[in-house]
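Protein chains in written order, with the working numbering: chain A, 1 to 54; chain B, 55 to 845.
Hints listed in this document are in silico derivations from the structure and should not be mistaken for laboratory results. The beta-carbon is built from N, C-alpha and C at its ideal position, and this holds for glycine as well. Do not rely on the hints blindly, as some may be mistaken.
Stated by the list, open to error - One-sided excerpt, in silico: chain B residues whose CB lies under 7 Å from chain A: (1) I153; (2) F173; (3) R219; (4) I222.
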Amino acid sequence: MSVIYVLLAISIAVAVVFFIAFIIAVKKGQYDDSYTHSVRMLFEDEIIKEKSKK
Amino acid sequence: MEHKTCFHCGLDASKSGITFDEKSFCCNGCKTVYEIFSGNDLSCYYDLQAAPGATPKEIEGKYDFLDNEKITKKLFEFNDGDIRIVSLYIPHIHCSSCIWILENLNKLLPEVSSSLVNFGEKTVRITFNGDKLSLKDLVNLLSRIGYEPYISLENYESGKKKIDRSIIYKLGLAGFAFGYVMFLSFPEYLQVEGIWLEKYKHIFRWLMFTFSVPVVFYAAQDYFISAYKGLRSKLLNIDVPIALGISVLFIRSTAEIVLDIGTGFFDSLTGLVFFLLLGKYFQQKTYAFLSFERDYKSYFPIGVTKIATDGKESSIQVYDIQKGDRLLIRNEELIPVDCILMKGNARIDYSFVTGESEAVSKKSGDKLFAGGKQLNGIIEVEVLKSVEQSYLTQLWSNDVFKTNKEDVFKSLTNKISKHFTIAVLLIAALATTFWLIYDSSKALNVFTAVLIIACPCAIALSAPFTLGNILRILGKKKFYLKNANVIEQLAKINTIIFDKTGTITANKSSKITYEGEQLSLEEESLLKNTLRGSNHPLSRALYDILNEYKIVTLDNYKEHLGLGIEASFQKRNIKVGSAPFVGYSSDLVTKNTAVHISTNNNYKGKFTFYNDYRKGLSKLFKKLKKDYDLAVISGDNDGEKDNLTKLLPTKTKLLFNQKPDDKLEYIKYHQSEGAKVLMVGDGLNDAGALAQSDVGIAISENVNVFSPACDAILDAKKFNQLFSYITISKSAIKIIKWSFLLSFFYNVIGLYFAVTGQLSPVIAAILMPLSSISIVVFTTITTNLLGRKLT
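From just these sequences and the hints, can you work out the full model?
Structure below.
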């Protein structure tokens, strides 16, 4: 069998995997809110550590 | 005095004198919120954004209805065992600090396990332990830190919202197929002759076919449905030639590969669907945090306090209110039904219902109408009618609210498409007849080629991209449109009708002028001190404009409901209130609100309250009068008539004492004479007029809360820009027409190839994306240039 069939099969398989990943992402609501995440990722340990006198 | 701003909310804090932690605050409420945050190590809230907070409002008892399990059950998204999930709409969400504090809610309430903010929709989804924390406590805490959620009847009815994500799926699928088919058709584009291609082209072609099937039958299904609907109602909308083009493309391509004649046009087919969906997606932009469909339901509270015959208080749903029930209405609460006042002093603000700006006093036994807001302590009422039958809510039974404006509206694209479709079919028929005579073997080829190349992809893209972009530009300028059709409608307007109160006047502020004998310093000081004690809105307004005086304790102070105030200090007596109350009988009755003053039973004079008109009003009207018929229609009395005639161009029609129904009928009448009416209003009393008009714009001081159902919401600060917004809509229509011309140009080139029987897949694959992309580029650049002119 020619290598072209193998390559075609692989390329389609990879593409379909990504396509399924895309569908799952949409289904989980990752595309519903496209703004908040951009802010949220910039937060880190802003919470002030317990003060010593407590 | 040194100017200081509140560390929490950013308001002026120079006068309050409240400082804490070396920071100044405008009121105790703001200080308390700061104390809560700093005490819980959350003071970072103030580092992310300066003065991000809101002053917490008094909410004592307001959320008692959340004790009622029947009500709360419907608000929960998820409710199992001790885990509860609730989504709350919080209008105040506006910056990164808000996201941060709400997502760190569990630092304040350990029972909250997670909270997630959706900034676009201004909602927060909170998961919490329902056994340890009640929804009421949660809502109370949010309100205490200045993030009061907005819970209304609307939430109660809708329950869980279903999100429609189908357009994203379709777009993803079409894009995926488009890319893949392009790759697969590449070898044959290059037309390399040889055994290699001969051997593999069949598998390539059938793969392309496989990828196209879901594109045609799933991604493009909306076009077929819409075309079918259009044909059934005898309309040649733009989707008819598109559906025709897609089906011809698919059938011919399939036939070609089955009969082994050629590669077909699968690349053009998938590309076409992808671009069309892209346009659709672009136009679909909506303002998730705004609601354009509000009716009375979003104004009304879900629950009210009912007093049983034995005096026990309980919370019931608004819909469960029955005739004869006794209800308790608290300060600042809305009266949900028509009723009779039984106990307490009512001062009702009917501005929602009638547009009348001044609150009215009612005695026990008087009838109160639904939609009024109680401003003066607790009252008890007896119900006369249920919610649906009340005077205000009956307005919504008018037919206007049942017809959908979009169904009636015929867009520019659809108008063009009618002629376009007929022309294309004609050309196809002519070309086919010619070839039937000349060389019949090519006839079918030419017929399908014409239908393929004439598929109006570029035309269908012109409007979505132009209008979608204009929508976005206007949104940045705080003019929020419900959808892109509104722009086309706005361009056609020739009559503009304004509501008065709250629309052309600024909501709460008013101009106060004094007429009469000059008050001495002592008298003015006494007046100021007298007004200090009163909570009446007129007293508050008057108090704010008087000079500062030393605070003294009055010897005597008495408030006469509905009449005025009487006070004395060191043998000096003052009466403030209505004309008869202060002992002034004048034949000169003013229609404007006035407060009369007398000291020691000598009449001094009166303070008259005039409406304060929005900035740039007269300028705006001057600009508008050249092209439009103007009218001002008001629920108020005609006290402001002279003032308005001075301000506005002489042509402007002025109508006063108009009820909500009258406004609606007035617009209907104008429309029956062929006018295209733009209604600009603000309150629920304009709801009928806004729905009846061709375009209804609601003016809003705060776009996040309270605007009736409408086509567009305009931020009150941008009111004077209205003219330029209408102008830009007109320019947008011109851009669409120009891009139509551009796409016709491409169509002519394509038709030349098609008619002469030379259309090869390569030409189609070049022409189709080229025309689409150049339309997108053209419309985007021109609309952005237009947007720059706006200030």
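- Query: Which of the listed hints are not met by the structure?
  - Reply: Violated hints: none; all satisfied.
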